[in-house]
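There are 2 protein chains.
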Amino acid sequence: MKQTNKRKPTTEQVSELTTNRLSVYLRCLNQLEAAGVETISSQALAQQFHLNAAQIRKDLAYFGEFGVRGVGYYVKDLKRHLRQILGLDRRLRVAVMGAGNLGLALADYPGFRREGFEIVALFDVSAEKIGEHSRSGVPILDLKDLRRHVRRDRIDIVVIAVPAESGQFVLDQVVTAGVKAVLNFSPGALKAPAGIKLKNVDLTVSLESLSFYLAQDEGGE
Amino acid sequence: MKQTNKRKPTTEQVSELTTNRLSVYLRCLNQLEAAGVETISSQALAQQFHLNAAQIRKDLAYFGEFGVRGVGYYVKDLKRHLRQILGLDRRLRVAVMGAGNLGLALADYPGFRREGFEIVALFDVSAEKIGEHSRSGVPILDLKDLRRHVRRDRIDIVVIAVPAESGQFVLDQVVTAGVKAVLNFSPGALKAPAGIKLKNVDLTVSLESLSFYLAQDEGGE
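Here the protein sequences line up with chains A and B, keeping their order. All residue numbers for the first sequence refer to the working numbering, where the first residue is 1 and numbers rise by one. All residue numbers for the second sequence refer to the working numbering, where the first residue is 222 and numbers rise by one.
Keep in mind that the hints were calculated from the coordinates and are not lab data. One thing to keep in mind: the hints can contain errors.
[Claimed, not checked] Calculated pairs, PhoX-like style, for lysine-lysine (alpha carbon to alpha carbon, straight line, at most 25 Å):
| hint | chain 1 | residue 1 | chain 2 | residue 2 |
| --- | --- | --- | --- | --- |
| 1 | A | Lys199 | B | Lys420 |
| 2 | A | Lys58 | B | Lys279 |
| 3 | A | Lys191 | B | Lys300 |
| 4 | B | Lys401 | B | Lys412 |
| 5 | B | Lys300 | A | Lys199 |
[Stated by the list, open to error] Ranges of calculated distance between the beta carbons of each label pair, as one might list FRET restraints:
| hint | chain 1 | residue 1 | chain 2 | residue 2 | range |
| --- | --- | --- | --- | --- | --- |
| 6 | A | Gln47 | B | Gly352 | 43 to 53 Å |
| 7 | A | Val68 | B | Tyr295 | 44 to 54 Å |
| 8 | A | Arg135 | B | Gln268 | 38 to 48 Å |
[What the hints assert, rightly or not] Partner residues aside, some chain B positions facing chain A, computed with beta carbon under 7 Å:
| hint | residue |
| --- | --- |
| 9 | Ser262 |
| 10 | Ser430 |
| 11 | Phe433 |
Note that CB positions come from ideal geometry on N, CA and C, so glycine has one too.
Extracted from the complex, chain A is given alone in its bound form:
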């Protein structure tokens, strides 16, 4: 097997697909740990969670030597390493733009909190909503005050959940307020200046993979 580069890779070298896979591995390890599993081989990990064993080994080798010959991976150790690689060994503070159904759902999404993300605020422009709270108690603040809150509450990541037509306006506000990482659920292409990491989430992709499955199933030879 080829020796992989063990130096800490830069962001540019690691594709988003890789970090997505690391997140998936982390999720699997959480389940294994909860089930009391202490060690696991890449083969077993792949089989149990329908992953690719060679890909797992390649992805992990990129960041260091985590496997132990004849043992596989120590679940707790690998989990800790992955959390470190993903920057999850500290709490990240998140604000959600837009207190509509999607924004409220995201603010209360239990997975975020569980993985160390703290949803500190929702922002909206509607006078009716400002001053209210999401079901889990996240306050809805005035978009006008975004800059002040970003600074005071040290907001690391912003999630955009506003209608398509407001997406770019809100992103511009977020960038001006000094936030460097943005997760966009708003449909339509947004433009962010250099130095801002903008990640678009398209929920349609998941539905399309089911459509593919149904098409194959019905067209079955």
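Following the hints, put chain B in place on chain A, whose structure we already have.
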């Protein structure tokens, strides 16, 4: 370059990561078509949308010969082919379980409709919600009547957007009602019988890739 198998692959042979990438390519082609672009090379496609040109060629070669030497891909043709491969050349009928914030947001998500998915109904157990409509007019029906509606409305795909503790109960209802493809946004592991395609969406994965970016940025050498 190795010759790839040109026969229509079965579902088992095509990983979910591949279909996810096909969806992403389709999304890019939509943008190119809207911008009036008629042909594009895999290199240009990769560069413009931060993808991997070799991966694009490999993914597409798997389903047939779509590229034209010296030209690249015809945007309209490739788009049509991808829609066919993904089973999007017909309307798929979708129901959403749970008329909470997430369910309502998903029922009104503009991307679904644009890509040919028709959200025909929301289902809930709350007497307050049953009989109401989402903002875009999707009716909220009684979960008790699911089976009847699945048959009558020919529902292809169900989206689960209920709290974690109701996830398995609702999935069981959906399976009993005869639906074969399920997209689950509910946290926690659900068990589906063989023959049911269950796809879990974990929104945390997207946030974690931003966390990775921030960690690299701050730890920058």
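Outcome of the hint check:
1. Lys199(A) with Lys420(B): The hint holds at about 21 Å.
2. Lys58(A) with Lys279(B): Holds - the C-alpha atoms of Lys279(B) and Lys58(A) are around 19 Å apart, at most 25 Å.
3. Lys191(A) with Lys300(B): Holds: Lys191(A) and Lys300(B) sit about 24 Å apart, inside 25 Å.
4. Lys401(B) with Lys412(B): Cα-Cα ~13 Å, so holds.
5. Lys300(B) with Lys199(A): holds, 23 Å
6. Gln47(A) with Gly352(B): 43 to 53 Å: holds, 47 Å
7. Val68(A) with Tyr295(B): 44 to 54 Å: At roughly 51 Å between Cβ atoms, Tyr295(B) and Val68(A) fall inside 44 to 54 Å, so the hint holds.
8. Arg135(A) with Gln268(B): 38 to 48 Å: Once the Cβ atoms are compared, 44 Å apart, the range 38 to 48 Å for Gln268(B) and Arg135(A) holds.
9. Ser262: violated, 20 Å
10. Ser430: holds, 4 Å
11. Phe433: With a minimum Cβ separation of about 5 Å from chain A (threshold 7 Å), the hint on Phe433(B) holds.
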